[in-house]
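Q: What follows is each chain in one-letter form.
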Amino acid sequence: MATTRRFPGPSKLLGAPLAWLFALFSVAVAGWMLLTSLKSTRAIFAEPWSLPTSPQWDNYARAWTASDFAGATLNTVVLVVGTAVATIALSAPAAYALSRILTRWNSGITAFFALGLGIPAQVIILPLYVMMNELYLVDSLTGLWILYVATSMPFTVFFLTGFFGSLPRELEEAAALDGASANRTFWQIMLPLARSGIITAMILNIIQHWGETLFGLIFLQSEEKATLSLALLGFLQRMQYNGADWGGLFAGVCTVVLPVLACYIWLGRRIIEGMTLGSVK
Amino acid sequence: MAATAVRATEPTRRQPAAPAERGSPLTRGRRRLFWPFVVPALVLYVVFYVLPALATGWISLNKWAGAGPMEFAGLDNYRRLLLDPVFQDSFANTLTILFVVGGATFALSFLLTMILRDMAGRKAVRAIIFFPNIVSGIVLSILWGFLFQAEGVVNQALRAFGVDSPPNWLGTDNLFSVIMIGLVWVQTGFFTTILMAAVDRIPKDLYEVCDLEGANAWQRFRNVTLPLMWDVVGVCAVLWSISAIKIFEFIYAFAGAAGQLPPTKVWNTALYAYAEAFASGVPKYGSAAATGMVMLALVGVLVVLLRRLFRRDPVQF
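Taken in sequence, the protein lines are chains A and B. For the first sequence, position 58 matches number 58 in the UniProt record's numbering, and the numbering has no gaps at all. For the second sequence, position 269 matches number 269 in the UniProt record's numbering, and the numbering has no gaps at all.
Treat the hints with care, as some may be off.
Unchecked claim - Which residues of chain B face chain A? A partial, calculated answer using Cβ under 10 Å:
no.	residue
1	Y78
2	F99
3	K123
4	W169
5	G300
To be verified - Listed next, the stretches of chain A that the computed footprint assigns to chain B, with coverage defined by at least 3 CB atoms under 8 Å from CB atoms of chain B:
no.	region
6	67–77
7	94–104
8	142–153
9	160–168
10	189–199
11	251–264
In short, the hints are calculated from the structure, not lab data. Since the model is a prediction, treat every value here as computed from it, not as a measurement. Cβ atoms here follow ideal geometry from the backbone N, Cα and C, with glycine treated the same way.
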């Protein structure tokens, strides 16, 4: 703040409440989502903002059994972790090479990957469906895993290329002086140095696929293979025939959101910086 | 490489070598790693991204149900798209989201950025408003739709303020507006965060000069803040163009059930492409592919225009 000004101007006095109001709206939605998941359907509409008089934990039990959120959670965890690990395993070496090994191909290939960021999924999904169908990988978690890893390449390679590029060059030169081969330099020195960027890339990848829907909708068809997003949609569908069960629906919603919220509270700064800082550099 | 390699008459061990020198053992060893390291990711990208995109271009010129022979149709799929009232609505909705939601999101983001710049607790507010951006679009859609139910919180609040007959928010006449407002809520935190990071890089002394000169808030924004963050605004505009055209889950979940679709009045091109290929009685891959190509062309045109619009001489500070 400028020391010459004793009182904040009118625009600032009016502005702060607006910002807090906007933030409090999101907090209110989150809090109300939690409350709703513990209420009976009648109480949800009769008293939307009251605390539940007797928490309806069987909302969660119903969601987890009737729409098999337990199975969906397991499918999603396995799929998401598998995707993140494979994505990093393929992207980190590529990003290292593109940022640290100078050839005439570097900038062209990096730009080539960046192009992928602008391609909507609708542009690639038809041929992918035909291809995967011929390989018997439709309605297969393995097939979806392959697609998730492949579609993660543009962002992750691009992100890690920027990250490796920011690491100091002296350490590589020191390793060379000690007689380390180029391969060993990568595995023993540069990869550990890039741990921070790699963790961020993994987190962003996990968050993105935790709630992914379009590919799941098209490539998974059996109920027992459903991911969390599909289980949620399935629950919505059931409400059309079995009557509204908003408590159970919100229990399902919380099952999807709470892990993301926990991850965000723990690693929020890293998530925010990972998603946005590249835009400012 | 510009440098010419000179072979030493005797091999020299452990001698420091300039990294850029062609003949350096380090450089040779590293260059040998280049393709083995890059090719796996590149192959995956080409096979699952680039080739499918090209294949979609070809499919868009054919009449095809996804199995059996293709029937070459030239530009018929595109002509039929132009005449399809549902596609016309979908394309118009895509542009509306792009410009109306984008305009509102950016206006709100700029406002919040300026407010948060000097505000106590700004990191907490920034973290809170960013959170919707990382939550699944399906979940956000369910939450947002529930707020606007006939007996939902919004209508209860309106009745408390004396409005006896609130609108039918989720009816076909109002649903698209409800969706647009929801999208603004979800996206604002993301762009505010980027803009805040850009503003934080502007030297404080420029604002101190403004204060000495008696500049008001608008003058500070117009003459100092906006010019110095212009490049980042350009990046945000490109990011918005790409993500706006891709929006699918948030709209899709308003159908209320898997396997069904929301009313066509709220479709965008992403939903139209999905519906043509996977949710209509007879799959129309040619039509879906043509829609995909229209989406891709729209991204391309917007990115090129935005780069031209935001191009200017670099500013040093």
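Q: A separate judgement is required for each hint: does it hold in the structure or not?
A: The hints, checked one at a time:
| no. | hint | verdict |
| --- | --- | --- |
| 1 | Y78 | violated (15 Å) |
| 2 | F99 | violated (18 Å) |
| 3 | K123 | holds (9 Å) |
| 4 | W169 | violated (15 Å) |
| 5 | G300 | holds (7 Å) |
| 6 | 67–77 | violated (count 0) |
| 7 | 94–104 | holds (count 8) |
| 8 | 142–153 | holds (count 6) |
| 9 | 160–168 | violated (count 0) |
| 10 | 189–199 | violated (count 0) |
| 11 | 251–264 | holds (count 6) |
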